[in-house]
Amino acid sequence: MEMTGAQILIHYLEDEGVEHLWGYPGGAVLPIYDALDTDAKNLSHILVRHEQAAVHAADGYARSTGKPGVVLVTSGPGATNAVTGIATAYMDSIPLVCITGQVPTGMIGLDAFQEIDTVGVTRPIVKHNFLVKNVDELASTLKKAFYLATTGRPGPVVIDIPKDVQNAKSTYAFPQEVEMRSYLPITKGHGGQIKKAVEMMLSAKKPVLYTGGGVILGDASDELIELTRKLGFPITQTLMGLGAFPASDNLSVGMLGMHGTYEANLTMHNSDLIIAIGARFDDRVTGNLEKFCPDAKIIHVDIDPASISKNVLVDIPIVGPVKQVLTEMLRVLERTELSMDQAALDDWWSQIEDWRATNCLRYDSTGAKIKPQAAVEAVWKSTDGKAYVSSDVGQHQMFAAQYYPFDKPRRWLNSGGLGTMGFGLPAAMGAQMAFPDETVVCITGEGSIQMNIQELSTCLQYGLSVKIICLNNGFLGMVRQWQEFFYERRYSMSYMDSLPDFVKLAESYGHVGIRIDDPKTLQAQLDEVFSEKYKNRLVFVDIITDQQENVYPMIPAGAGLNEMILV
Amino acid sequence: MKHIISMLIENESGALSRVSGLFSARGYNIHALTVAPTEDDSLSRLTLVTSGTSQEVEQIVKHLNRLIDVVKVLDLTEGLHIERELMLIKLSTTGDTRDEYKRLVDIFRGDIVDVTATTYTVQMVGKSAKLDAFIDVIDPGLILETVRSGTVGVMRGEKCLQI
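Chains as they are written, first to last, in this note's numbering: chain A, 1 to 567; chain B, 1001 to 1163.
These aren't lab readings, by the way, just hints derived from the structure by calculation.
Don't take every hint at face value.
[Stated by the list, open to error] Quick list of in silico lysine-lysine cross-link-like pairs, BS3-like style, CA-CA up to 27 Å:
no.	chain 1	residue 1	chain 2	residue 2
1	B	K1072	B	K1002
2	A	K196	B	K1062
3	A	K188	B	K1002
4	A	K310	A	K323
5	A	K67	A	K196
6	A	K323	A	K408
7	A	K133	B	K1130
8	A	K188	B	K1130
9	A	K196	A	K230
10	A	K143	B	K1130
11	A	K297	B	K1072
12	A	K169	A	K230
13	B	K1062	A	K310
14	A	K535	A	K504
15	A	K310	B	K1072
16	B	K1002	A	K310
17	A	K196	A	K41
18	A	K188	A	K408
19	B	K1090	B	K1159
20	A	K323	B	K1062
21	A	K205	A	K41
22	A	K408	A	K67
23	A	K169	A	K205
24	A	K195	B	K1130
25	B	K1130	B	K1159
26	A	K205	A	K67
27	A	K143	B	K1002
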């Protein structure tokens, strides 16, 4: 069927099964917005208030559903506003397709109005990008973009479409197949390596599973649970991996790394075998590399060979999809005649239980001020631990990770790699759009929430009933904490002066605003926020918290995992 | 250690900048880089010279393989290989130096490809080290300009970089 490039795009997205398109119109995408009006049947477009939020929302949708998020923005500032969102998705390997308008091909390079070299600007922060110069190649390019975004190690893909290509005509048929000679995502881990790994696992005396976001991205939670329970090994999860293995299971020793638990970090540090699965030995996890786990051999399962031996040299690398590799490990385990040294494992566990008895996440909750930890715990209770929780970046993010234990994957949405303030609210919007009947919470701070506060307007327009939990301590808390520890309490620019009245602000956007400042009423007030009463309303909960509270445990920069500061 | 990394990349605009961008973004260095289409005009052959420990170079190769426009990568220095570089060097030559430089060019098996009353332009092909050696024997004050192609290379024998 003959149609314009803009129509081809809309028809393609519908044929691809895209449900939501997050975007903002502008000059260079007007033909697409017109085609959206004339041709779209099932595709719903959500008009955000800032392009950065469009990308974060699509990202939140992708993280919570596993399906690719799709974004549409205009050229120039539309594209550059989207850059932070794209980089956020890139650092966390989130599948996104971002369509950007571009000035007509004849004007490219002439410094035209709203022209920017989008392909050049986004090159270092995408899995791949395309500039479509010929309308005949549009459909096949879209197919490639979705294929690249969702396979292998996922990531964002940008497609830049000049306005004249949007207006030019071509025949459209949904491309059924895609082939790229230079891109062959690996489908199977090496059988011999997997066998060797299982043998090493069975001969370990102090093993630990260290798992990350790759388990969630690879939908391998079930396999991970089965393997972990079969082995009876302790498991620690990264900030990005939380939920892949149930936090409530006794085998879980909690999150590791800079603000990980005492038992998780010491289990890692003292282990003789680390089985790393879909994790990338990030600096926030390893601490000082020279002091990292001195006695441990390392098995590393990852779909991206470039992640293996990047920061830490490993003994058994296994390149492959986590789900397939874990399935194969289970099969090998079933057939092997080797058995574990159960006595050694029992000793190891009794050591770990000693560390766990430290109760490193304890805090003093007797004061007159609400502790941020207590606020997060109260949210966990009110939501029965079953909510989708997004966060921004800072102390509240760590408190959320520590005090809202997740039992299921894809429930915890946070910007782990890039650490983007302003991510929380739009990401929550994406999850709420995907799951209109579920409880979606955005745990944020008074600093972060102001970085995309304008999306309260989008939430009203589309009836997105996100519950915003703002831990308001009047400080950029994590900056303040570092200044207290490392800069002799010179709180340079970390104080948030002239804050708005968030209750009135929420009300002016047509939402419900509630302030909580009394520890005694905290739980009851939160119970009400999450009750039927507000089921279909966005509620902005401004919780006034203790200004001096710090995130513990903490591994200072340059220290090893065994050099934690406890409370 | 110096490594010669040879690759086939899609002959598309932007492919080269993806490769060079990777090197600058990850802090790897490029000593030399050369690229041109192959007999299959959908592919370009890119050769670059970099240095680092074998672990660093392994990481470079892994990151190159991750680029969508990179079809195949080979570290030539891993095995027996032939490497060549072309240099054009223009020398200021009058009087006595003309004979001397003619002899030196012969010793290095180069060719004088342009002559004027005051200059020789010398073409020389070989390993980079040989070209360096030639430059070393010339009085620096007499070198007017130097242009080098960057190293290209192939594996010896039947081993090839092909798709």
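Results for each hint:
no.: 1; hint: B/K1072 to B/K1002; verdict: 20 Å, holds
no.: 2; hint: A/K196 to B/K1062; verdict: 23 Å, holds
no.: 3; hint: A/K188 to B/K1002; verdict: 34 Å, violated
no.: 4; hint: A/K310 to A/K323; verdict: 22 Å, holds
no.: 5; hint: A/K67 to A/K196; verdict: 34 Å, violated
no.: 6; hint: A/K323 to A/K408; verdict: 16 Å, holds
no.: 7; hint: A/K133 to B/K1130; verdict: 45 Å, violated
no.: 8; hint: A/K188 to B/K1130; verdict: 46 Å, violated
no.: 9; hint: A/K196 to A/K230; verdict: 18 Å, holds
no.: 10; hint: A/K143 to B/K1130; verdict: 50 Å, violated
no.: 11; hint: A/K297 to B/K1072; verdict: 32 Å, violated
no.: 12; hint: A/K169 to A/K230; verdict: 58 Å, violated
no.: 13; hint: B/K1062 to A/K310; verdict: 10 Å, holds
no.: 14; hint: A/K535 to A/K504; verdict: 20 Å, holds
no.: 15; hint: A/K310 to B/K1072; verdict: 21 Å, holds
no.: 16; hint: B/K1002 to A/K310; verdict: 20 Å, holds
no.: 17; hint: A/K196 to A/K41; verdict: 53 Å, violated
no.: 18; hint: A/K188 to A/K408; verdict: 26 Å, holds
no.: 19; hint: B/K1090 to B/K1159; verdict: 37 Å, violated
no.: 20; hint: A/K323 to B/K1062; verdict: 22 Å, holds
no.: 21; hint: A/K205 to A/K41; verdict: 59 Å, violated
no.: 22; hint: A/K408 to A/K67; verdict: 17 Å, holds
no.: 23; hint: A/K169 to A/K205; verdict: 66 Å, violated
no.: 24; hint: A/K195 to B/K1130; verdict: 49 Å, violated
no.: 25; hint: B/K1130 to B/K1159; verdict: 25 Å, holds
no.: 26; hint: A/K205 to A/K67; verdict: 40 Å, violated
no.: 27; hint: A/K143 to B/K1002; verdict: 40 Å, violated
In this structure, the hints that do not hold are numbers 3, 5, 7, 8, 10, 11, 12, 17, 19, 21, 23, 24, 26 and 27, in rising order.
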